Amino acid sequence: MNFLRCFFAVFYKDLLSELRQKEILNTLLFFGVLIVFLFSFALGTDPGLLKKISPGLLWLVILFSSVLALDRSFQAELEEGCLDHLVLYASSQRALFLGKTATNFCAILIVQVVTAFAMMILFDLPAPDDFPLLAAAFLLGDLGIAVLGTFYAALTIKTRARQAMLPLLLFPMLIPLLLSAVYATQTAMEGSLTNSGGSWLSLLAIYDLIFLTACTLAIEPLLET
Amino acid sequence: MKNPVIELKNLGHRYAGTWALHRLSLQIDEGEVVAILGPNGCGKTTLLKILATRLAPTCGEGTLLGHPLSETAPIRKGVKWLGHELGLYKALTAEENLDFFAKISGQKILGRQLDILLEKVGLQKNRREKVAAFSTGMKKRLSLARILMENPQILLFDEPHTNLDQEGKKRMSTLILERKKAGCTVLFSSHDHPETIPLCDKILALNHGRLVYFGPPGQIPKDVIL
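Protein chains in written order, with the working numbering: chain G, 1 to 225; chain W, 1 to 226.
A hint or two may mislead.
One side of the interface only, derived from the structure: several residues of chain G facing chain W at Cβ under 10 Å [claimed, not checked]:
hint, residue
1, 1
2, 27
3, 30
4, 31
5, 34
6, 89
7, 91
Hint data in this document are derived by calculation from the structure and do not stem from the laboratory. Computed from a prediction, not measured in an experiment: that's the story for all the values here. Glycine is no exception: its CB is placed at the ideal position from the N, C-alpha and C atoms.
Whole structure, please, built from the sequences with the hints as guidance.
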C-alpha cells in the first residue's frame, strides 16, 4: 500500500511541477517538431524515400529529445537538495524510481504522438495500415526508453559531465530497442506483408520486462550513494 | 538513568584521502540537546549526515535508537534531518509540499494536522502559496513543519539559526526547547554561539574531524577553539 502511495505521489508531484513550470514538455515538443521540419527540407520531396526512412527518423528524434527529459528528471531533484530529502523520506526507493519512470514515459509518449503527426503532415505520409501495431510499438518502445533512461539519469546525476555521459551510456543500451521499434513501426506503416510486427513487439516486450526488473532491483544502492 | 539514543564508537569518514571525521566515540542520551561547534570544515555537517543515514561512515560503528547505522529504514522513521539545503519543491504550494512528503513516507496527514503544523511554524496564511514565492526564512519554517510531521525522536539541524531574522531565531530556539520537553533528542551544528549556548545541555566540539570536547557548556577548556 505504501509502495503505491509513494509511486503515485512521485508521479503526481512531477506531473504537477511540469504542468506549472512547463520546462520540459514545451522544449521537447519544439525540439521534436523542429527536427522533423528541418529534415523535410533536407531530404527533398521523394515520397518513396520519405516513407522508407520515416520510421527510423521518428525513433531517432524521440531518442534525442527524450534525453532532454531524462536528464532533467533527476537534475530537478538536485536543486535545493531535494534528492537527499526524497531518499530519506521515501518508504520505497523502487516506488520513487517507478514514479519518475512513469512521468518520463508520459512525456516521451506525448512527444512521440505529436512528432508522428508532424511527420505525417510534413512528409505527406499515408495513414498507418495497422494502427494497433503502431500504438503498441509506441507504448513498448517509449516504456523501454523511459525505464533505462531514468535509471541512467539516476546513475549519472552526480557525475561532472552528466549531460554527455547520459547519452553515451544510454544509446548503446537502446540499440536492440531501437531496432525492434523501427521495424515494428515500419511494419505498421506499410501493412503486415511479412507479418513480422508481432515478433518485433514480442522482442520489445521482453526487452522492457528485463530492464524494468533489473533497473528496479538495482536502483536502491544507486540512490543511496 | 537516561536511555542512550546515539552511541558512536571510533566512527570516521574520509573524503578523497582526508579524514572529515576521525575516531569519534560518544554517547548521547534521550532528551539531551547537544550543540556541535567548531570551525568551518571540522566535520559538523559530515557527522549530521552520517547520523541522518545519508552518508555511510568509512569506519567505526554507531547505533541510533538501538539500530545499527546500516539499518536505515527504522532509523529514518525516528530521526529527521534539516540540512543547509531545505529540499522543498518550488513549484508546489506549502501544503502540497507537506502532503507530498507525508505520502512518500507512508503517512496519512489530515487537514487538521496540517493546520496545526503550519500554525506552529507561522505559515497558516501562506499554505496555498507556492514555495517559489517564499523567503529563505519561510522555507526554513516549512522544512521545520515537515520534520515535525512524524514526531521524531531525534532531530538533527545543520545551522538552524542561519538565514533567520530575530523573530525566526527566537521561534527556532523555542521549538528546540519544546522538543526537548517532549523527550526528543536534538543535535545541531552552529556558529551562532550566543543563540546556542543557552539552549544546549552539552557541547560537542570538533576540530579537524577530531573530538576536542564533549560535555556541559560551562566546563569548556579555554584552549578549545569553537
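| said: Checking hints one by one. Is residue 89 of chain G an interface residue toward chain W, by the C-beta closer than 10 Å rule? | reply: With a minimum Cβ separation of about 5 Å from chain W (threshold 10 Å), the hint on residue 89 of chain G holds.
| field | Hint validity - residue 30 of chain G Cβ closer than 10 Å to any chain W Cβ | value | With a minimum Cβ separation of about 20 Å from chain W (threshold 10 Å), the hint on residue 30 of chain G is violated.
| message | Given residue 91 of chain G as an interface hint, is its Cβ closer than 10 Å to any Cβ of chain W? | response | Holds, about 4 Å.
| Was the hint right that residue 31 of chain G lines chain W, CB cutoff 10 Å? | 22 Å, violated
| field | Restraint satisfaction for residue 1 of chain G [CB to CB of chain W, less than 10 Å] | value | 8 Å, holds
| message | Can you verify the interface hint for residue 27 of chain G: is its Cβ closer than 10 Å to any Cβ in chain W? | response | Given a least distance of 16 Å, the restraint on residue 27 of chain G is violated.
| request: Let me know if the C-beta of residue 34 of chain G comes in closer than 10 Å to any C-beta of chain W, holds or violated. | output: Violated. Min distance 26 Å.
In terms of the numbered hints stated before, the structure departs from hints 2, 3, 4, 5, listed from lowest to highest.
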